[in-house]
Each structure stands twice: as C-alpha cells, then as structure tokens.
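As you go down the protein sequences, you meet chains X and Z in turn. Position one of the first sequence corresponds to residue 1 (full-length UniProt numbering), numbered consecutively onward. Position one of the second sequence corresponds to residue 1 (full-length UniProt numbering), numbered consecutively onward.
Since the hints were derived computationally from the structure, they do not count as laboratory data. Watch out, some of these pointers could steer you wrong.
You can't tell identical chains apart in this list, so a pair holds if it fits in one copy or across any two.
[To be verified] Subject to a maximum C-alpha distance of 20 Å in a straight line, what follows is the list of computed SDA-like cross-link-like pairs (lysine to any residue):
| hint | residue 1 | residue 2 |
| --- | --- | --- |
| 1 | K191 | D62 |
| 2 | K191 | E240 |
| 3 | K238 | L88 |
| 4 | K57 | A337 |
| 5 | K238 | F118 |
| 6 | K191 | Q368 |
| 7 | K238 | L317 |
| 8 | K57 | G190 |
| 9 | K191 | E385 |
| 10 | K238 | E188 |
| 11 | K238 | E300 |
| 12 | K57 | G194 |
| 13 | K238 | P303 |
| 14 | K191 | S227 |
| 15 | K238 | A351 |
Number of protein chains: 2
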Amino acid sequence: MIAYSRPKKTTCTGLERLADCDRASRSRTGSCPGQESISRSGRTMTDQRFPLRLDLKQGAVDMSHGSGGRAMAQLIAEVFQPSLENPLLAQGNDQALFSPPPGRLVMSTDGHVISPLFFPGGDIGCLSVHGTINDVAMAGARPLYLSAGFVLEEGFPLRDLLRIVRSMGEAAQAAGVPIVTGDTKVVERGKGDGVFITTTGIGVVPDGIRISGELARPGDAILVSGSIGDHGVAILSKRENLGFATEIRSDTAALHDLVAAMVAAVPEIHCLRDPTRGGLATTLNELAFQSGVGMQIREERIPVAAEVSAACELLGLDPLYVANEGKLIAICPGERAESLLSAMRAHPLGAESAIIGEVVEDPMHFVQMETRFGGSRIVDWLAGEQLPRIC
Amino acid sequence: MIAYSRPKKTTCTGLERLADCDRASRSRTGSCPGQESISRSGRTMTDQRFPLRLDLKQGAVDMSHGSGGRAMAQLIAEVFQPSLENPLLAQGNDQALFSPPPGRLVMSTDGHVISPLFFPGGDIGCLSVHGTINDVAMAGARPLYLSAGFVLEEGFPLRDLLRIVRSMGEAAQAAGVPIVTGDTKVVERGKGDGVFITTTGIGVVPDGIRISGELARPGDAILVSGSIGDHGVAILSKRENLGFATEIRSDTAALHDLVAAMVAAVPEIHCLRDPTRGGLATTLNELAFQSGVGMQIREERIPVAAEVSAACELLGLDPLYVANEGKLIAICPGERAESLLSAMRAHPLGAESAIIGEVVEDPMHFVQMETRFGGSRIVDWLAGEQLPRIC
C-alpha cells in the first residue's frame with residue numbers, strides 16, 4: 001500500500017556520510033561532494049535510506065521487495081519511480097490526487113498475465129498500458145490516468161523488471177496517459193510467473209457521446225480497424241519458437257487517438273470494442289447478445305494479413321478467434337458507415353479499416369458469416385481455450 | 001477485457017429449447033416453462049449461452065475460464081455478477097460509466113496476494129475491498145467506486161472463488177462502495193497461488209481538505225486509531241496453525257466512515273496513512289521522510305492488545321512492524337489533537353484511539369521512541385521481510 005514515492009531531498013549513498021549529507025540537504029544547494037547528484041529524472045538519484053544501490057544487471061526480486069519496508073522503498077525509488085515519473089506519481093502518497101475535467105467518467109481494469117513476457121512487437125509492460133487505455137477509449141472516452149499493480153515472483157531478474165517498467169513508462173508517455181499510482185507485491189518462487197500487471201484507467205467521455213455494447217441496432221454497419229489475428233499469432237510463434245519467413249509482430253497499440261478521430265467524425269457511433277481474448281468472433285457475439293440483435297458478416301471483407309492467414313492454417317487456428325491488441329470493432333448507423341470508414345482510414349492505426357457486415361434482426365442473436373465460397377455459417381462464441389495467456 | 005456483463009434476457013438452460021425460449025424472451029413476460037426464472041439478484045438466472053450450469057460445489061477453475069469465450073462469460077454470469085451486482089457493473093461493457101460529483105478525485109490501487117486466503121476475521125475478498133477503500137480514504141476522500149482484477153490459478157475450487165467473491169460483494173455493499181468493473185485471467189497450475197486480486201478505487205476529496213504525506217510539521221500530534229498488530233498476528237497464527245487461548249482476529253475494516261468523521265471534526269488534519277505492510281514503525285518513517293521531519297513516540301501510549309503482545313513475544317515479532325488492515329495514523333496540529341482524538345473515539349473503529357507522540361524537527365528524519373523503561377531508541381524502517389504475503 002506504499003505508493004511510488006519520490007524522495008525530495010538530495011542525500012548520500014553511504015550511511016556513514018549521513019551527517020555531512022544532511023548539511024547539504026538542509027542547505028538545499030546540491031549533493032554531497034563526490035556523490036551522485038539528484039536529477040529531475042531521478043535516474044541518478046541516491047538516497048540516504050539505501051546504503052547500496054540495487055544491482056540492476058545481476059540482481060533479482062526477493063521477498064523483502066514486497067515487505068513494505070526499506071527494500072520495497074528502494075525498488076520503487078530505483079526501478080519504478082525513474083521509469084514512470086510524472087508529477088502525480090511524485091506526490092508520493094498511497095493515492096494520486098487530481099482534478100478531472102467535468103463530465104462523465106469511465107473506469108476500466110485489466111490484468112496481464114501474458115507468456116512470454118517479451119514478444120515480437122512488444123512486452124507485458126507496453127501491453128498493460130495499451131490494453132487499459134483501449135478499454136477506456138472504447139466508451140468513446142479520452143483516457144486520463146492509469147494505475148498499475150504488480151505481482152512479482154521471487155527470483156525474477158531486476159533487469160527484466162526494469163525493461164518492462166521502462167516499456168510501460170514509454171508507452172504511457174507516448175499515449176499521454178500517465179501512471180499516477182501503483183502497488184507492488186512479491187510472491188514466493190513457484191507461486192507466480194515472473195510478473196503479472198493489473199492496470200486500471202479512468203477517462204472522460206465527451207458530451208453528447210453515448211457508446212455502449214447494448215446500442216447496436218438492425219441496419220447498423222460493422223467496421224473493423226485493420227487486419228486481425230496479429231497479436232495471437234505473434235505470441236504463439238514466439239512461445240513455440242516458430243520461425244516464419246516474415247516475423248509476425250503483435251499489433252499492440254493505444255487506440256484512443258483513433259477513437260477520438262472517429263468520435264469527432266461520427267458522434268453517432270453506437271458501439272466500440274477491442275477484439276482481444278476470443279477474437280473478432282467472440283466480441284461480435286458479445287455485442288450481439290448484449291444488444292439483442294444478430295449480425296451478418298462477410299468473410300472476404302475481413303482483413304487478415306497473408307502471413308497471419310498462412311500461420312493460422314499451419315497452426316490450426318481460426319483467425320476469427322485469435323486475439324488482437326491494437327484493433328477495434330465499431331458499429332454505427334448504416335448511413336454513417338462511409339464517413340466513419342474515411343475517418344478511420346485517415347488515421348495510421350486504422351489505415352486498413354473495412355466495413356465487414358451489418359447488424360440484423362435475429363432473436364437468436366447469431367453472428368452469421370457469408371464465406372468466401374458463398375455459403376453461410378454461424379460464427380459462435382469461442383468455446384474452450386484456443387491460446388491461453390494471450391494478454 | 002470482457003467485463004462482467006449482466007445478461008438482460010430471460011432464456012433457457014437447454015440449447016435444444018432455444019426456439020421456445022426465444023419466444024418467451026421476445027414476449028418479455030417471463031421464463032420458459034420448467035426453467036428457472038430470472039431474478040433481480042441474478043442468482044437463479046439461466047442463460048441460453050450455457051447449456052450446463054457451473055458446478056459450484058465440486059468444480060474448479062480451468063484455463064478456458066480465462067479465454068475470453070463462453071466459459072469465461074459463464075464464470076462471470078454465475079460467480080462474479082450475482083455476488084457483485086450493482087447498476088454500474090450491469091452496464092456490461094469493458095468499462096463502467098458514471099458522473100462523479102465535482103471536485104478533486106483520488107485514485108489508488110492495491111494488489112492482494114495474502115496467504116492463507118481465509119483467516120480469522122476475514123479473507124482475501126473483503127481484505128481487497130477494505131484495503132483500497134482505506135488507501136482512497138487516507139487522502140480524506142469519500143470512496144466512490146472500485147474495480148477488481150483477478151488472477152486465478154487453474155484448479156482453484158469454484159466454491160472457494162464464490163466464497164471470496166461473495167465476501168467482496170458484502171464488504172463493498174456494507175461500505176457503500178460498489179465494484180463497478182472487473183477482469184479475470186487464469187494461469188496454469190503452479191504459475192499462481194489460488195487467487196490474486198488487484199483492486200483500484202477512486203474517491204472525491206471534500207473542498208478545503210488537504211491531507212498528504214509531506215504535510216507533517218514540528219509540533220504536530222501523532223495519533224493512532226487503535227491497537228496495532230492484530231492483522232499480522234492473525235495471519236501468522238493461522239499460517240503456522242498456532243492455537244492461542246484467545247483467537248486473534250484480523251482487524252480488516254473499511255475506515256472511510258471514520259475518516260469522514262475525523263475530517264468533519266478537524267479539517268486541519270495534515271496526514272493520514274494506514275500502517276499496513278511494515279507496520280506502524282515503517283509508516284511513521286515514510287511520513288517522516290516525506291515531510292522532512294523527525295518523530296518522537298512513546299511506547300506506553302501505543303495500544304497493543306494483550307494477546308497480540310503475548311503472541312509477538314512468543315513469535316519473536318515486534319508489534320511495531322506487524323501489519324494492520326483496519327487502523328490509521330493521523331497527524332494534525334498539536335492544538336487540535338484532543339478534538340481529533342474525541343472524534344476518533346466516538347467512532348466504533350476508533351474507540352481505542354490514542355495520541356502516541358509528536359512531530360519534531362530532525363534533519364535525520366528519525367523516528368525515536370521513549371521506551372517503557374525510560375530509555376530512547378531509534379525506530380527504523382523495516383529491513384528485510386518479517387511476514388511475507390501479509391496482504
């Protein structure tokens with residue numbers, strides 16, 4: 001429950017120099033002679049509480065890093081705080097304080113247990129930032145702030161942790177959505193799996209926007225923002241050490257800018273959702289069920305990259321059920337579909353957007369697909385487990 | 001990333017009855033003949049998506065419950081949703097939408113990895129609700145909403161999960177702070193430890209209140225809201241199967257009502273913090289460091305229950321470093337200390353409150369304690385790990 005506190009004072013590394021250091025600290029003029037100086041980034045900051053700095057090359061997480069005591073304070077000061085630094089985090093309390101803009105807020109949370117932790121196109125760090133930003137954005141909201149809760153396994157290399165936390169910090173900075181508060185727990189070796197990260201986000205919904213899963217109506221168009229299946233295939237190929245001629249990379253990305261452009265162009269959007277676990281097929285079923293409608297999609301309209309399609313064939317996967325981390329589904333009134341498509345294609349993350357079908361009346365709430373061969377089949381919910389620990 | 005969606009329609013258990021059921025659903029008059037009827041609580045709700053109900057007595061979590069597909073939807077519909085139900089959760093999206101009252105907000109997050117999951121006085125479910133409510137309240141805020149992210153281990157008994165989620169729901173309801181959105185992940189057997197829960201909370205800070213860890217000033221009084229060490233000793237005694245003559249119970253409790261009474265009585269409170277991991281000693285050191293002050297406390301003033309004191313002696317623990325889950329430290333101007341003490345003692349959760357010391361000038365930021373025997377010793381940060389996985 002200790003938060004990521006940012007020490008405010010310039011102090012020494014050696015406990016034996018505390019007295020000297022204190023004078024420097026009181027005079028607020030700088031660091032002790034011969035000691036590293038504090039920097040705004042905190043990266044070279046030293047702290048009287050910690051006689052030795054963490055060994056970020058050879059060191060590992062141990063149980064004391066979750067104790068709430070000095071070791072945890074050091075992990076926060078030397079790993080988390082420099083990588084994630086922002087003024088709200090720097091408040092150093094167990095909570096972050098801010099004044100949100102007026103209006104409706106959304107809140108969303110997402111745990112990340114992906115294996116492997118590092119994969120082509122990303123890692124658990126940036127994924128945990130993108131995933132929650134996207135869940136917030138799918139209400140049409142502008143994400144404001146994130147929190148992050150870590151569960152670390154004893155023995156996890158500190159260099160990997162640092163790499164992950166830096167990736168989070170970079171993703172958060174690139175997205176303009178700071179991580180303002182956090183928490184760290186440590187479990188014994190064999191009681192976790194390296195690192196799990198649960199992020200929570202809040203965002204503000206522009207006036208006049210109402211986007212929700214139950215608002216799809218017959219006659220609405222169904223759009224997808226790009227090719228599907230990249231993330232899941234990237235993870236599986238890494239996990240199984242499959243070498244494809246072309247490396248397939250995760251599409252992990254923060255979609256809030258794309259959403260902002262979409263909402264500005266077509267405020268009448270009814271539904272947005274990111275097809276992560278369960279893929280496009282399951283997400284469409286969720287929306288059909290929630291709205292009490294059916295859906296008709298056309299296979300030939302659904303963008304799938306050639307290499308993903310080939311990999312899926314090889315691996316026995318159906319790309320419709322493979323997870324994505326940088327794509328969204330949009331449902332809007334049919335007459336606004338072309339405008340929405342244009343807005344999506346004008347954004348780098350929506351360049352391959354397509355209208356893939358329409359919402360229909362169907363008391364069974366089925367998602368049906370016209371296949372390439374002209375037939376029709378029901379696209380059901382994902383049953384069982386196609387790819388465990390995909391996000 | 002699927003949220004806890006609450007199906008809105010009355011449907012059948014048997015897929016073979018879908019057609020019949022659909023008629024009932026369309027007429028919105030009730031359930032299928034011979035089928036369980038929908039209830040407002042959702043506890044007896046059936047759903048056309050799930051031909052068989054979960055076996056909540058003998059069943060266990062399997063990987064498919066984290067897949068994002070039908071099995072996960074069923075876990076949500078039959079375990080999470082009925083236990084946590086509230087109108088915001090019922091929105092059924094990947095995020096909850098609400099209009100907070102105007103003003104400054106706080107956000108806090110807390111992971112829970114406690115072992116054992118069930119202990120005298122509580123369980124990981126209510127603990128995960130109380131812990132985050134308390135972190136929000138320690139800014140003087142009124143907690144508004146919580147989110148919950150679960151990491152489940154394959155093989156975890158569904159009956160234990162249900163018990164935990166119900167405990168969360170009850171704690172949230174008792175506190176008046178609903179869990180409005182959530183997420184569930186599943187990891188393979190041996191890659192987790194039953195269940196980890198990360199909760200995040202937001203709250204609103206009353207106008208005119210400014211409570212933060214860096215605001216302690218020399219001359220301020222230090223108060224604690226009751227006897228310390230109960231939680232840690234309760235966990236350890238359960239973990240080690242120690243049988244004390246009097247069962248020691250965790251003090252896990254939501255402190256936001258107590259805080260509201262305190263803030264109403266003494267708006268000038270400078271600091272509030274709950275002494276969880278690391279105990280009273282470490283929390284005081286955090287505050288001293290953050291505020292750049294020293295502290296003088298008196299051992300005889302610190303409330304410790306006789307049985308906790310005896311258990312600590314037996315176990316070689318120092319109660320100053322043992323975790324609490326229902327206590328807080330308050331720092332306020334010295335001249336307001338008696339008023340604050342009266343307000344705290346008037347609340348059931350603060351009946352044993354005490355003034356335990358004062359803030360002093362100390363460039364070393366030491367916490368010093370006058371012992372029972374008249375001596376003085378430095379009370380340092382917790383070094384190393386006294387009790388792993390205490391929360």
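When Cα atoms must be at most 20 Å apart, do K238 and P303 count as within-copy, between-copy, both, or neither? Cα proximity of K238 and P303: none, with 23 Å in one copy and 56 Å across.
20 Å Cα threshold - placement of E300 relative to K238: neither (28 Å within a copy, 60 Å between copies)
Reference check for the pair K191 and Q368, CA-CA at most 20 Å: within, between, both, or neither? neither (43 Å within a copy, 38 Å between copies)
Identical-chain pair category, K191 with D62, by Cα at 20 Å: Close inside one copy (13 Å) and across copies (17 Å); limit 20 Å.
Should K238 paired with L317 be assigned to within, between, both, or neither, using CA atoms and 20 Å as the limit? For K238 and L317, only the intra-copy Cα distance (15 Å) is at most 20 Å; the inter-copy one is 47 Å.
Quick one: K57 to G194, C-alpha cut-off 20 Å, is that within a copy, between copies, both, or neither? within (16 Å within a copy, 32 Å between copies)
Given identical chains, is K57 near G190, meaning Cα to Cα at most 20 Å, within a copy, between copies, both, or neither? Intra 22 Å, inter 27 Å, cutoff 20 Å: neither.
How would you label the pair K238, A351 (within, between, both, or neither) given a Cα cut-off of 20 Å? Intra 26 Å, inter 58 Å, cutoff 20 Å: neither.
At most 20 Å between alpha carbons: which applies to K238 and F118, within, between, both or neither? within (9 Å within a copy, 38 Å between copies)
Treating 20 Å as the Cα threshold, decide for K57 and A337: within, between, both or neither. Close neither inside one copy (52 Å) nor across copies (49 Å); limit 20 Å.
Reference check for the pair K191 and E385, CA-CA at most 20 Å: within, between, both, or neither? between (23 Å within a copy, 17 Å between copies)
Within a copy, between copies, both or neither: where do K191 and S227 come within 20 Å Cα-Cα? For K191 and S227, the Cα distance exceeds 20 Å both inside one copy (37 Å) and across copies (32 Å).
In summary, the numbered hints that this structure violates are 3, 4, 6, 8, 11, 13, 14 and 15.
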